Amino acid sequence: MLKKVPNGEIRVLSATGVLGSGFLESSFRNGLERDPHFIASDAGSTDPGPAPLGSGKPSFPASAIKRDLRLMLLGAQRAGIPLIIGSCGTAGGEPHLQFVYKILREIAAEEGLSFPAALIHAEQDKAYLKAKLRDGKIRALHPAPEFDENTIERSERIVGMMGAEPILAAIEAGAQVVLAGRSSDTAIFAGLPTRYGFPEGLSWHAAKILECGAAAATFRKNPDCIMASISHDSFVIEPLDPELRCTPQSIAAHSLYENTDPYLIVESSGTIDLRGAQYEAVDDRSVRVRGSSFRHADTYTVKLEGAELVGYQSLVLGSVRDPFIIRQIDDWLRRLDDKVRGRIKELYGHSLSDNAITLNVHVYGKNGTMGDLEPVKDATPHEICLLFLVTAPTQEIATAIASITRHQALHLPIPEWSGLITGIACPFSPAYLDRGPVYRFNVNHVVEVDDPLEMFDIEHVQVN
Amino acid sequence: MTKLADLASLIRSKNAGPFSLTIDIMFDNPDTYRKVKESGKISARAVADIYGLSENNVQFFFVDNALAVKASIPRPVTQGDLGDADSHGGQQYAPLMEIDI
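Here the protein sequences come in this chain order: A and B.
Counting in the numbering used here, the first sequence runs from 1 upward without gaps.
Counting in the numbering used here, the second sequence runs from 1 upward without gaps.
Don't read these hints as lab results, they were simulated from the structure.
In this text, all values refer to a predicted model and were calculated from it rather than measured experimentally.
Some clues are possibly wrong.
[To be verified] If you only want the chain B side, here are some residues facing chain A, beta carbon under 8 Å, derived:
1. 14
2. 17
3. 18
4. 61
5. 67
6. 77
7. 79
8. 83
Yeah, the Cβ is synthetic: ideal placement off N, Cα and C, and Gly gets one too.
With these hints in hand, go ahead and build the complete structure from the sequences.
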């Protein structure tokens with residue numbers, strides 16, 4: 001456990017909001033000077049969409065992760081305190097965890113460091129999930145897609161989002177560095193404070209602010225470090241760049257960010273309740289928080305995240321300036337869809353079912369950004385941009401149909417003109433661009449478990 | 001009449017996970033916040049009307065200690081799925097800027 005036992009307060013250094021997004025070395029040094037009990041950083045998110053989870057590739061480059069991780073590791077090792085990295089490699093699945101572990105080993109070799117570490121695996125076994133489903137132990141959150149055994153089978157990868165317990169277990173067993181697969185962002189910060197008897201409400205609330213790095217400051221210039229000092233009646237949040245400020249309003253407002261509910265935040269073991277939280281300025285750049293509480297859940301749950309392959313994609317980008325075409329664009333797109341479908345039938349016959357191909361068109365200038373949510377229905381733009389997205393069972397077919405779409409769109413007749421027209425402007429040659437495999441999130445469910453550790457294998461290793 | 005965009009210090013939208021979208025409307029002084037809150041012009045109903053949703057699909061909050069108004073709605077298309085044009089949900093707030101207070 002912690003060599004330096006917290007006495008009266010526990011100080012937590014959050015190095016940055018996402019491993020690989022960067023932080024100022026000067027801020028990190030300021031953090032180390034405040035004698036933290038441990039350092040942690042989140043490394044993942046669903047923010048980049050389903051591709052990292054589906055493809056196994058992280059959304060930050062190895063060079064950026066290595067730069068951040070080196071500073072964190074050196075700081076933690078010199079101070080003799082644990083370093084916890086949550087949601088390794090963006091999605092926290094097995095390839096993502098191994099990606100960060102490889103970087104950790106490279107840094108250790110380059111710096112001549114040797115230490116006990118733990119990898120906590122979060123990618124889930126399909127047979128285990130099917131058994132849980134059959135036992136009625138998987139339930140939907142809202143809103144959720146259909147989830148059955150076929151969904152599990154179709155998934156490229158499903159991860160469980162660990163709570164604080166597996167991370168604590170790894171540290172209790174002696175790990176100085178914990179690389180965790182998919183984890184609750186807050187759990188990587190809240191485990192040790194609660195383990196040392198600091199109030200759960202304060203610990204979890206502080207964790208919620210810490211997990212985004214300096215995002216809770218009034219004007220964050222760039223991703224950076226932040227520090228929380230948690231005591232028995234309150235916690236104090238302080239940004240570590242002397243030019244950054246936290247105010248009672250900026251800290252209160254941070255609980256809004258990326259949460260549907262600003263007061264209640266659900267975790268594996270319970271719910272953070274901020275309805276009683278009070279915020280007061282300590283000085284002009286740090287804030288004291290009191291009154292946050294934590295309600296334990298009756299049943300411990302682990303949230304699932306899954307991604308499945310949708311198909312392969314090819315796109316065509318084109319624009320229209322002719323007001324005749326713009327004013328009939330909806331009908332023009334329906335006619336284009338018919339033409340393209342007709343060509344698909346001619347080329348592939350019955351070997352491709354009608355719903356095997358999807359043609360999505362985003363109409364920029366009309367409702368390209370908001371789609372069905374767009375309240376402006378009668379825009380009369382002087383030009384529009386069309387993004388044609390063809391999704392097919394193979395890249396070869398997607399590319400072929402994208403080429404056909406270009407040609408059909410280019411010369412689609414309109415009643416206002418007689419004779420052959422060229423109705424879209426294409427900026428590229430070839431006009432299509434292959435996107436490769438595309439994925440979708442296919443789970444928004446939780447698993448009820450008896451033991452917080454049962455879905456997460458902890459592997460202890462000596463890095464040297 | 002004043003537009004909400006002229007009164008708020010920040011209006012933003014973002015995913016709250018891949019299946020939900022959340023909107024924050026923030027103010028930098030308590031008087032402006034109170035004026036907007038008491039105007040009755042921003043409500044679950046108003047948000048539902050703007051986005052063409054039914055009111056029971058809108059979670060709506062006044063967050064007094066943050067001087068903020070918050071609304072959350074289900075995403076019409078799951079983040080990153082076919083047809084989704086705003087993977088981060090970051091550009092879905094713009095119509096709210098026009099609300100007359």
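Interface hint compliance - residue 67/B to chain A, C-beta minimum distance less than 8 Å: Holds. Min distance 6 Å.
Go through the hint on residue 79/B and say holds or violated, using the shortest Cβ distance to chain A against 8 Å. holds (6 Å)
Hint check, residue 77/B versus chain A [nearest Cβ-Cβ separation less than 8 Å]: holds (7 Å)
Take the shortest C-beta to C-beta distance between residue 18/B and chain A; is it under 8 Å? holds (4 Å)
Less than 8 Å between beta-carbons is the criterion; does residue 14/B satisfy it with respect to chain A? holds (6 Å)
Hold the hint about residue 83/B up to the distance rule: shortest CB distance to chain A must be less than 8 Å. holds (5 Å)
Please verify that hint: residue 17/B, Cβ, nearest Cβ of chain A, below 8 Å or not. holds (6 Å)
Should the interface hint for residue 61/B be scored as holding, given a Cβ-Cβ cut-off of 8 Å against chain A? holds (5 Å)
In terms of the numbered hints stated before, the structure departs from none.
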